[in-house]
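Undergrad: Each chain is listed here by its residues.
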Amino acid sequence: MTGAAGPARRSGVSRWWWRHQRTLTPLLLLAPACLMFATFVIWPIEQSLWLALYDWDGVGLKTWVGLGNFAELFADPVFFTALGNNLCWLLVYLAAPLLGLLLALFLNQNVRGIRTARALFLMPFVISQVVVGLIFAWFLNADFGLLNPLLAKLGLGPFAPLENERLAIFAVIAAGLWPQTAYCMVLYLTGLTGIRAELIDSARLEGAREGMVLWHVVLPQLRPVTFIAAMVCVVSALRSFDLVMIMTAGGPYNSTNVLAYYMYEQTFLSLRYGYAAAIAAVLFALMGSCVAFFLGRMLSRESA
Amino acid sequence: MFPAPIARAPRMTRIAYRAALFAALAIWLLPLFGVALTSVRSIDDLNRGNLWGWPSEFRLVENYAAVFADSRMAQFILNSVLITVPAVLGAVTLACMAGFALAKYRFRGNLALFVVFIAGNLVPFQVLMIPVRNLTIATGLYDTRWALILFHAAFQTGFCTLFMRNFIKQLPDDMLDAARNEGLSEFQIFRHVVLPLVRPAIAAIAALTFTFVWNDYFWSLVLVQSDDVRPLTAGLQSLRGMWLASWQLISAGSIVAAIPPVLIFFFMQQHFIAGLTAGAQTD
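Top to bottom, those sequences are chains A and B. My numbering numbers the first residue of the first sequence as 1 and each following residue consecutively. My numbering numbers the first residue of the second sequence as 1 and each following residue consecutively.
Don't read these hints as lab results, they were simulated from the structure. Just so it is clear, CB atoms sit at the ideal spot from N, CA and C, and this is done for glycine as well. Some hints could be false.
Label-pair distances were calculated between CB atoms; the ranges are [to be verified]:
hint, chain 1, residue 1, chain 2, residue 2, range
1, B, Q270, A, L205, 29 to 35 Å
2, A, A31, B, Q270, 31 to 37 Å
3, A, W16, B, G109, 51 to 57 Å
4, A, P77, B, I43, 41 to 47 Å
5, B, H192, A, S289, 41 to 47 Å
6, B, N50, A, E46, 52 to 58 Å
7, B, R106, A, E72, 48 to 54 Å
8, A, R166, B, R191, 33 to 39 Å
9, A, E46, B, A4, 51 to 57 Å
10, B, F68, A, R209, 56 to 62 Å
11, B, R11, A, R204, 19 to 25 Å
12, B, F68, A, M298, 24 to 30 Å
Residues from chain A that face chain B, not an exhaustive set, calculated with beta carbons under 7 Å [stated by the list, open to error]:
hint, residue
13, P44
14, L102
15, L105
16, L120
Please build the complete structure, drawing on both the sequences and the hints.
TA: Right under this line is the structure:
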């Protein structure tokens, strides 16, 4: 390109370019992003689904086993524990929008220092999940954790959820709920600044109580926010890995295993790449059905 | 405004609100406060079980100096910077280009491509682990910073493109047509008309992507293994094995790891939140 000299003085390639640049420029601008995204995201998904049909140790030859990996998966108790934990994670995470909404309603005031307060409430989301996991693992540690001395002062007994097979998963999810709630809070705070004040004022003038205003005027307007918050929670529930790795490494006795972590274990500890890919395929299908559900809800609401 | 502004409430209510605000904040940040306090304690305090009381002595300098002296923390920080900065630059550049093309040109498959970027962004990224790892091994990038830079740049492009596309779509078409009539080429329009106008959007995705990439743990575990290239998150976890019960060092290390994203967040708060809540605007 030789600048805006005008097409008249150009010749050959340059004239051809000038004539077609309006169609070619967008394609050239798109090409690098598409290439990168295809190489590192789209193609690997396809490869991963394909690999689920093979038996492979990561170095030798791949052996075709068809749906064999899936047959084995559906007889594997650890797989079902992991799947159950992912679903449990998903359900508990749906509390994050509710808690986030309550926090946002609490913080939606114009007092001095409120901006700083909001920023501090968002802090758990800003720091790494590794740090969150380290903090909670230590907080809940039975022997030198921070929680038990605090409970002892209140006269409450020792509490070691991470060593308890039934409670451990909830302790891990609770750690995740901390940043997740912060995220939902900031979504709702943004949503609350945009709702229409005149509707609230007229409802109040008609004598509606605050609870009624919230339910009938505010929440309907916040619906798109709730939608996004729920979707974000589902996506991060299915991605859960860091906290499990840091806090429990799947233990005790696999009771806190989740699909992503089980897949990681099967790849690097058992060297069963094909089996791991089958777990990945289940994870992918789970995400697919959630996205389909959300898109369906979104489309049906738009057409309704 | 909902709920009703507290500023118009009686004085006692206002005071009660302030008190409640402080109490809620104190409980919310209690774990962080505990870690910060521990990071300046001596090991004697920890052994004696003095976890919440006043530290018997303040060892701020000693503990943080020990973190850097006993471990390769400085190297991990450098690695995190050398990975995060190029990855953010890459993702933002790709996303500006692609976002402009998707926002302002009609061509077949435009919407389909946009949907692919959104959907790819929602995938539980662990699904990509085995093929991406094998790809980096096959190309000799495994255990180099490039493996992480390229992957993060590519993966974050999904979200960044979505954001840039929606932002650029709001720019009036008339303005671009006026530039065309002045004889500007499409690329010049992108470079000299569009880019200067989308600076706030660039700041938003840059701040957000920085945090995401800096805080990544999974890929740091999967795509690199030596201390020479390992970023801070994976490095911190590996130090836990070395420091065992020296929680004052682990705490100090955690604080060090948390500082860069927290600084970015506080200095670019508005942009950060704008990026985070894109789509949550109700008006």
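Undergrad: State the violated hints by number, sorted upward, taking the hints as numbered earlier in the document.
TA: Result: hints 3, 8, 12, 14 break, sorted rising.
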